[in-house]
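Residue numbers (numbering that gives the first Met the number 0), protein chains in the order written: chain A, 0 to 209; chain B, 0 to 851.
Heads up, some of the hints might be wrong.
Unchecked claim - Here are the computed lysine to any residue pairs in the SDA-like style, where the Cα-Cα straight-line distance is at most 25 Å:
| # | chain 1 | residue 1 | chain 2 | residue 2 |
| --- | --- | --- | --- | --- |
| 1 | B | Lys655 | A | Glu31 |
| 2 | B | Lys281 | B | Ala239 |
| 3 | A | Lys183 | A | Glu148 |
| 4 | A | Lys20 | B | Ala644 |
If you are wondering where the hints come from, they were derived from the structure by calculation, not from laboratory data.
Every value quoted in this text rests on a predicted model; they were computed, and no experiment measured them.
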Amino acid sequence: MSNRPTVFVVDDDQAMRNSLKWLIESVSMQVETFESANAFIQSYYPGRSGCLLLDVRMPGMSGLELQEYLKVNQIAIPVIIITGHGDVPMAVRAMKAGAVDFIEKPFNDELLLESIRHAMAVDAKQRDMQSQRAEIATRLARLTPREHEVMLMVTNGKANKEIATSLGVSSKTVEAHRARVMEKMEADSLAELVRMAINANLTLVETPEE
Amino acid sequence: MSALSSSKWQAKLAAVPLPALSLLVGILCGLLMWLVLEPIQDRRLANLFHDELVRRLDVRAVETRQRFEHFLQEWRQVGSGLSNHWRIKNYLGSTAWHESKNSDKQAMLHQQTPEWLDPGYPKLNSIEPKHVVLLDNRATPREIYQKQSLSFDLDQLFEFYSGRNEALVTLIDQVPYLLVWSNVSYLEDDLAAVLLLIVPVDDQFLLESQSMTNDSDTLIALVDANTLKLLSSSNREMIARDSHLNDWHENYLLTSQAITRFQSMEQSLLFTTLVSRDAVEKTILSITKLAQQDRFLATLVYIIVFSVIFYLISAKISHVLVRISRFGQQALGIEQPVTKKGNQLLLLEDWVKAFFRQLISARDTLRNRQEERLRETEVLKSALFDNSMVSIVTLNQEGIIVEVNGTAFKTFGYSRNQLIGRHLEEMAIHPNDRERFRAMLTACISMSASNSKCRGQAMQAVTVNGEEKSVECSVISIHLHQQTVFNVYLRDISGQKQAQREITSLAKLASENPSPVLRINKRGVIVYANAASEPLMGYWDCERGQTLPLYWKNLVASSLREGTTKEYEVNLDSQIFSLQLAPILELEYVNIYGRDITRIRMAEMQSRQHQSELVHVCRLSTMGEMSTGLAHELNQPLSAIVNFASGCVRRMQSGKGGEPEIIDAIAQITAQAERAGEIIKRLRTLVGKRPQEHEVVNLNHLVLEVASFIEFEANRQNVEVILELSEGVLPVEVDLVQIEQVMLNLVRNAIDAMKQVDQNQRRLVLKTGRMSSREVQVLVQDSGSGIPEQTQKHLFDAFFSTKKSGMGMGLPISQKIMQDHKGMIEVESEYGHGATFRLVLPSDPTIELPGF
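So here's chain A without its partners, still in its complex pose (with noise of 0.2 Å):
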């Protein structure tokens, strides 16, 4: 299958979806319609980039609930609620859940689009910053422990003095470590190896006081 970005949608209503439908693909995007949470969930799979446009209220799952269960197991598609008239509380439960915007029936065409447009930007995004982290992660792994650490205190902003106190050894040796740090995390620069341990989301072991 191929992994052009889809648009999702999820409504009861098959006057709903296929308007919807002939709407976005107007605009050349790929559409997939399902007619209950469930279809949608068997369907999909987490691989898949695009965005997901959903009716709040269905029979049978609801979208919030769909949300949950999106969120539960971790697939981090962006949503786009539909909401009906007199929703409004459950539109904003929908926000706080984590859906990316809320659109109202009726609604204004340029609107729908220009939501869908954003939701796949941070789908591609989001995409990019996970491979990115894959990536990240593979280097991480070719590390020494002790590499691993002069790593994390070089992008905490220690100097090499400072780590080379820490960890008792002289800062030549530091110097050294860090260099092989750099080669092997494949980063030109400091700024680059920092955005990476920000990407991984490195936090600092923080080394025990001697």
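Assemble chain B onto chain A, guided by the hints.
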């Protein structure tokens, strides 16, 4: 009198503390001993001293005599020495005395020391011989050396000469002299001359003889044995010469001895030793005094030691006594006769006497009480025996009745005399059971009384009337002194049997109960379950005697713990049971009473379903809700239309879409527009435009209907619904559905209004009544917070709502419906005190209700 005085004495004695008394006794004893022993001791001591003294005197006398004799011996040696001196030998060799038969010729006298005499020699200590006479070998004095003139005739001396060398004490003219004869010879056996030393034995001599001792208390003297006159003494001043020996007995102790060795046979001189009595007695006195002092000291020590020991013992006794008395006071409640002061021994005696008196009286009281109790027990026992509910018959070994209690003869209808002396089995036991009864008796002899064979055997007994009775028979053998008797207990169990039957039939209450009845113990094990419990046990998948599933086991445990009855519901596939768990705390059981509530629940479900349908109707018909639904419904087709249209526009703009697609989309738009139109049409049919179907109903009935609709909702919200319906019929001719909708709308509003109020305060009153002959009314009162005045004005305006999701259509539509019915709706409310809506409808009391 004497007894009185003795008791007085005793009292006085008792007042003296024991230690003081002991001290006194000690001193008295010591004194007594001293007084008794002193004279005896004295006398014995004196005797002892006397004996000792006599012995000493003897010794001293012998000593003095020996010294004296020794002195005499020395004088003899002096004589020997002089006679063997070279001077005398020279002299004799050179001199020749002329022979003469008669001794008329005077011997030559020398005033100076003659040449034959060693000038320094004839002296012993300070004593010098008075005369030294040199005699020739025929004992004729030839030369005389004298210091003084001789006071006696020399010739008479020669008769004392024995021819041997010797020293003799000789009395010459009543004066004692020592005559020392020494033969002078040239050759052996040849007597050349004789040397005679004459020494007066005077005071000085005696004194010198004792020169070794200078004891003034001891004197020596020479005494004439015949006349007992003192011839000379060692101390002339004290002992005068010529005094009689007996004169001195008074002051001196005398010992006289003969000095035979230095005395010629015819002489009788005694050597007497005198010891001064004074000195002796002084010694005795001093020694006695010393002894006395010693004795006194000993007595004193004795008294002290005795007193101390006595004191210690008495102190100990007094201590013990105090403890005893305290014990007596505390443990036995005997009054304490022992005070801290006084003679404890005597007090103890008193106390012991009192103690024993008390003890004896206590024993007597105890014995009396025991006898009393025995008597009481006897009475009680006989009362028990007679009034026991059980017939008690005492049999002897042969099975003959010796005693019966009242119950026995009442039960069997005999008099006491009729029974005694007869065989029990013949009198009262059914012939069929006699064998068994005899067997019980024999079993009872041979076995222990607790044997089950002798206990609780059910038998048939026969009364005097021949009536049969079920009895429970127990036999106990009692081994008396000489014989064995049996106590037969016959308990009438006819009543008991009846009761048993009752119980059995009661048990059927549970076992035949069509509802499940179970009993569970505290460990969750099914102790009892009736037949109707099978489906339940099937559901739990356990049987009688097995443990309930954990969930139910916990429920049982919590029910026991809390001690309160609880009700739970269990949904089987085909049945629903309500299970009531009733704990029986004292037995630690939980009874479970099941109730098949399938039908009730079904009915409830149906009613709920009905209600939900109704609610659905309401949603559409109670206008507020309806509008929301309407909006949603309309939104769908509208949104779809917008989407299709926008899609078309975009495609056309980009020139992408083909014509058939666009046409299709536009067809879709048409379809959605028609759908919207359908919705609007449906709405119109629901609201107002429906032709009214009027029918005559009882307004009360209508209110009841509404009340039953909202019962579920009201329960859920904890709203108490109070119906105050007027008596009699309130006939109204209305469109039933519409009026119900109006009322439901009001009631739901009321319930909503009470959500903010405390659960206990939620009260909904539905009240009906006739206002006039033409009008009836329904009041819907809530206990909510009421409606502010400002709001009241707009209540019936369209699109005015206080609810978030309300459309503000409910009350305007209600008002419209009421107006259509020629009635009215109005509201009264004081803010803070709830609200009352009033519906007024025209009513003709003459109209008859269909079916009434």
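Right, here's what the structure says about each hint:
With a CA separation close to 20 Å, the supplied pair lysine 655 (chain B) and glutamate 31 (chain A) stays within the 25 Å bound. Taken as a hint, the lysine 281 (chain B) and alanine 239 (chain B) pair is honoured in the structure, with Cα atoms around 24 Å apart against an allowance of 25 Å. At most 25 Å may separate the alpha-carbon atoms for a hinted pair to count; lysine 183 (chain A) and glutamate 148 (chain A) meet this at roughly 14 Å. For a cut-off of 25 Å, the pair hint linking lysine 20 (chain A) to alanine 644 (chain B) stands: about 12 Å separates their Cα positions.
Checked against the numbered hints above, the structure breaks none of them.
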